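**Student:** Protein chains in written order, with the working numbering: chain B, 1 to 109; chain Z, 1001 to 1116.
If you're looking for bench data, these hints aren't it; they were derived computationally from the structure.
Being a predicted model, the structure only gives us computed values, none of them experimental.
Watch out, some of these pointers could steer you wrong.
What the hints assert, rightly or not - Distance windows between CB atoms, simulated:
hint: 1; chain 1: Z; residue 1: T1017; chain 2: B; residue 2: T18; range: 25 to 35 Å
hint: 2; chain 1: Z; residue 1: T1017; chain 2: B; residue 2: N55; range: 30 to 40 Å
hint: 3; chain 1: Z; residue 1: E1052; chain 2: B; residue 2: S32; range: 45 to 55 Å
What the hints assert, rightly or not - Some chain Z residues well away from chain B (every beta-carbon gap over 10 Å; in silico):
hint: 4; residue: F1028
hint: 5; residue: E1052
hint: 6; residue: K1066
hint: 7; residue: L1076
hint: 8; residue: P1086
hint: 9; residue: S1089
To be verified - Not everything, but these chain B residues come out facing chain Z in the computed CB check (under 7 Å):
hint: 10; residue: E43
hint: 11; residue: P44
hint: 12; residue: F99
hint: 13; residue: Q101
hint: 14; residue: P109
Built from N, CA and C at the ideal position, the CB exists for glycine as well.
Chain by chain, the residues run as shown.
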Amino acid sequence: RKEVEQDPGPFNVPEGATVAFNCTYSNSASQSFFWYRQDCRKEPKLLMSVYSSGNEDGRFTAQLNRASQYISLLIRDSKLSDSATYLCVVHYGPGKLIFGQGTTLQVKP
Amino acid sequence: GAVVSQHPSWVICKSGTSVKIECRSLDFQATTMFWYRQFPKQSLMLMATSNEGSKATYEQGVEKDKFLINHASLTLSTLTVTSAHPEDSSFYICSARGLDSTDTQYFGPGTRLTVL
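Same shape as in the complex, but just chain Z (with noise of 0.2 Å):
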């Protein structure tokens, strides 16, 4: 099955720096990938749709210079949290859909975000 991984699965950092989440497809090329975040004990929400060459499309109620997308490649996409604070602690989540443009997203690991 299509492979999906992030980088890093958890960090830790201080409130006002900024932190770069990898999302990589690995065996399969990837025209568009998701954002999500999950708080505990609730759903996963998705931040924004990032398709490759071209700007990110970002939900409602997401700032897109807070939480900027980079999908230079059809394998790669990267979310930076720019000037994190506390609250924005959570489970960040990638998915990937392939070129066969089904509707299966495939999931990575997550991203375990901690703003001290």
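The shape of chain B in the complex, shown without the other chains (with noise of 0.2 Å):
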């Protein structure tokens, strides 16, 4: 079972659409949470961490169930610069991250 895992996608949505990425993981130890953004051939970036409590930035919303080793990342009204790859990255030791895959977003004008 990998570490993290994605659903690869790619989602194609229509600008304006409300859509959901989900992400699980399979360490119980892990300590901390993020969403990054990729680019096609760019490094990540930072879109968002994740806390137990949820947290909502713009259009973004995020949410960590530890019970069930769950993350997830809401997008609302899509547009079309919101097209990248999504990727789920786990915090595991000092400074280890743990990457998915990444879910492919294509927003559709």
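Each of the two chains sits in its own frame; use the hints to bring them together as a complex.
**Tutor:** Below you can see the structure in the form of structure tokens.
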């Protein structure tokens, strides 16, 4: 079983749609969780951290369920510029980040 | 925000040659730098963790004699791919963690290596 699992997609959605990505992780000792965004041929950029209480940043909402070892990202009112690959990232040890395969989102006009 | 640079951004080399990639933290001091590799349509895979002034810690399956890492200062780490072969062609990305030792890592823009 992979340490961090994501549905690779692609998710093809129209502008304005709401889309949700899910991620599961295998190590219950994981300490921190993040969503990163990666554009084609670019480095990943931190989108947001994920907290147990859930957190929201504009159109983006992230949630963590430690009991189920499950992380989600919700994007509301999708924009064309949201098209990218979204990486679920789990922090395991001193600085060790484990990346999921990523979920590709294509927002169509 | 913290800025990490990588040089070169892309390199094409012949099989058997060695390639050095530099990773620099431009506006902060990085006690720890990380080297990742990403093959097409795959996730980033951690290759090694580099601590300033000490030997790098390599992940399982990564050959330390092939991927030489040097972290001589708090702002510079280098990765040398020795005797590169076509299967080493990949996107190499470094990241740096600051002295505040939070979980946040700042990523460099990556180096695309193509070995002919």
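**Student:** It remains to establish, for every hint, whether it holds in the given structure.
**Tutor:** The hints, checked one at a time:
no. : hint                        : verdict
1   : Z:T1017 - B:T18: 25 to 35 Å : violated, 50 Å
2   : Z:T1017 - B:N55: 30 to 40 Å : violated, 47 Å
3   : Z:E1052 - B:S32: 45 to 55 Å : violated, 23 Å
4   : F1028                       : holds, 15 Å
5   : E1052                       : holds, 13 Å
6   : K1066                       : holds, 21 Å
7   : L1076                       : holds, 18 Å
8   : P1086                       : holds, 19 Å
9   : S1089                       : holds, 14 Å
10  : E43                         : holds, 4 Å
11  : P44                         : holds, 6 Å
12  : F99                         : holds, 4 Å
13  : Q101                        : holds, 5 Å
14  : P109                        : violated, 25 Å
Going through the hint list in order, the structure does not satisfy hints 1, 2, 3 and 14.
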